[in-house]
Structures are given as structure tokens and as C-alpha cells.
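Here are the chains, one letter per residue:
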Amino acid sequence: DTGVSQDPRHKITKRGQNVTFRCDPISEHNRLYWYRQTLGQGPEFLTYFQNEAQLEKSRLLSDRFSAERPKGSFSTLEIQRTEQGDSAMYLCASSLTGEGRNYGYTFGSGTRLTVV
Amino acid sequence: LAKTTQPISMDSYEGQEVNITCSHNNIATNDYITWYQQFPSQGPRFIIQGYKTKVTNEVASLFIPADRKSSTLSLPRVSLSDTAVYYCLVGGSGGYQKVTFGIGTKLQVIP
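In the order they appear, the protein sequences are chains A and B.
Under this note's numbering, think of the first position of the first sequence as 1, with each following residue one higher.
Under this note's numbering, think of the first position of the second sequence as 1001, with each following residue one higher.
Worth flagging that the hints you see were computed from the coordinates, not collected in a lab.
In this text, a Cβ means the ideal position worked out from N, Cα and C, and glycines have one as well.
Some hints here could point you the wrong way.
[As the list claims (entries may be wrong)] Derived pair list, reagent style DSBU-like, types lysine-lysine, alpha-carbon separation capped at 35 angstroms: (1) A:11 <-> B:1054; (2) B:1003 <-> A:57; (3) B:1054 <-> B:1106; (4) A:57 <-> B:1052.
[Unchecked claim] Residues from chain B shown here face chain A by an in silico Cβ test under 8 angstroms; the list is partial: (5) 1039; (6) 1049; (7) 1053; (8) 1076; (9) 1077.
[Unchecked claim] Derived Cβ-Cβ restraints for the label pairs, each shown as a range: (10) B:1017 <-> A:68: 39 to 49 angstroms; (11) A:62 <-> B:1017: 15 to 25 angstroms; (12) A:20 <-> B:1011: 37 to 47 angstroms; (13) A:98 <-> B:1011: 31 to 41 angstroms.
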């Protein structure tokens, strides 16, 4: 297993277009997270899945954002009607939890979105 | 949920030991302390995790006092490649899903 993979690495889109990002987590990890990071800031939580169930969504995740994780494997994050304020690095992470402990995130390299 | 406070930036010369302290006064009983490193245009990378006392791995040590209200990440003999942002996170089995990382500590290693 080579870690968490994200695709694409970079995406430039025109305002108003829809974009979709994909994340392939570490296979034995049961949790998958999406974060967003802008320049000079730390990652901000967007949403997370426990297997295929989406258990938490941040208020940052407007109605234009949707995430799925079919069959508890890969996940997609879709942004509809993109706005310039959506320009950021979108990070995916996975983790293994058990026995009352979270063993820490493994992050992917991210997808850098630029909305022009 | 425990909030963390770290210095915004630190400078160090190559070869020196660097200690970055994180305050987390409201840490809960089942919370672990985890440190991450992030280089530009990459996702954060797990460095070390601990619950109490001292933890050491091949890249760092983590010191946690008995009251667990703070923790110190220690990087021995830093090199230029250790220049990065370091984040301290506190969370339990529920993960850190409600936690924003904060701006972290930007470590600049000087030749």
C-alpha cells in the first residue's frame, strides 16, 4: 500500500463550473477525512466518514459541497458552481481507530484547486 | 474539545536541538497528543503521538508532563530539511474531526 492517493494534484476551473476530486485511502483504515487548507493557515475540517457513513460535516461545507464514500473505499468530493473563494488545497486523510484510540492521520498530497 | 496554543515561528541553526512546546490546558482524559509536520504543497505528515511521560521514535521525542496540560516536541540535531510547519493536535478515539489545525509553528533552520 502506497499511502493516501489524491487525484488530480492540480485543477484549474472557471467560476461556476463543477469539479470532483478523488481520494483513495489506506485500505485498512476505517476513517476518511476531507480538509481544506488556504495559504498560511492550518487545515480546516470539512467532513469525515466511518466506513461508508458520513458522520460529521463542518458548517464550512455549504450546499455546493458534497462528499461520498461508496462501499467504504475511495471517496469523492464534489464542488458545484465553484466560486473564487473555493480556491484552496483540498486534503484527504485516513486513519485507523480502535481500542479507544485514534492512531493519527495519514494525509494525501492534496488537490490544489484554482478557480479563475 | 481541547484547544492548543503554539509559538507562531522559531529559528534554529543546523545541528541544534529544537524544542517546540504546545499548551493544551483543557485536554480530556482520553485525549492523545499528536504532532504533524508539513512541507509546502504537501499534506501534513504524522511525526509522533503520546499520552503521557515520554515517547521517542526515530525522528523525534515527545515529552508530556504529569498534568498533560502541555507537551514538547523535541527534534534532535535539526537539518535544513526540517524547515517546515509543525502542528500539535489533541484528540481521543473520536479523532480530531472538529479540530482545525491552527496555524502551527513555522520552524526555519538556518545554515
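Now the hints, each set against the structure:
1. With a C-alpha separation of about 43 angstroms, the suggested pairing of residue 11 of chain A with residue 1054 of chain B is violated against the 35 angstroms cut-off.
2. Among the hinted pairs, residue 1003 of chain B with residue 57 of chain A is consistent with the structure: their alpha-carbon atoms are about 19 angstroms apart, no more than 35 angstroms.
3. Distance hint between residue 1054 of chain B and residue 1106 of chain B is fulfilled; the C-alpha atoms sit about 23 angstroms from each other, no more than 35 angstroms.
4. At most 35 angstroms may separate the alpha-carbon atoms for a hinted pair to count; residue 57 of chain A and residue 1052 of chain B meet this at roughly 31 angstroms.
5. Proximity of residue 1039 of chain B to chain A is violated relative to the hint, the smallest CB-CB distance being about 10 angstroms (cut-off 8 angstroms).
6. For residue 1049 of chain B, the interface hint holds, since its Cβ comes within 8 angstroms of a Cβ in chain A; the closest pair sits about 5 angstroms apart.
7. With a cut of 8 angstroms, the hint placing residue 1053 of chain B at the interface with chain A is violated, because the nearest CB-to-CB distance is about 16 angstroms.
8. Checking residue 1076 of chain B against chain A: minimum C-beta separation of about 21 angstroms lies over 8 angstroms; hint violated.
9. Using the Cβ-Cβ criterion of 8 angstroms, the hint placing residue 1077 of chain B at the interface with chain A is not satisfied: the shortest such distance is roughly 24 angstroms.
10. At roughly 46 angstroms, the beta carbons of residue 1017 of chain B and residue 68 of chain A sit within the given window of 39 to 49 angstroms.
11. Taking 15 to 25 angstroms as the suggested C-beta distance range, the pair residue 62 of chain A and residue 1017 of chain B does not conform, at roughly 45 angstroms.
12. The supplied range of 37 to 47 angstroms is met by residue 20 of chain A and residue 1011 of chain B, whose beta-carbon atoms lie about 41 angstroms from each other.
13. At roughly 40 angstroms, the beta-carbon separation of residue 98 of chain A and residue 1011 of chain B lies within the given 31 to 41 angstroms, and the hint holds.
Taken one by one, the earlier hints fail for this structure at numbers 1, 5, 7, 8, 9 and 11, listed in ascending order.
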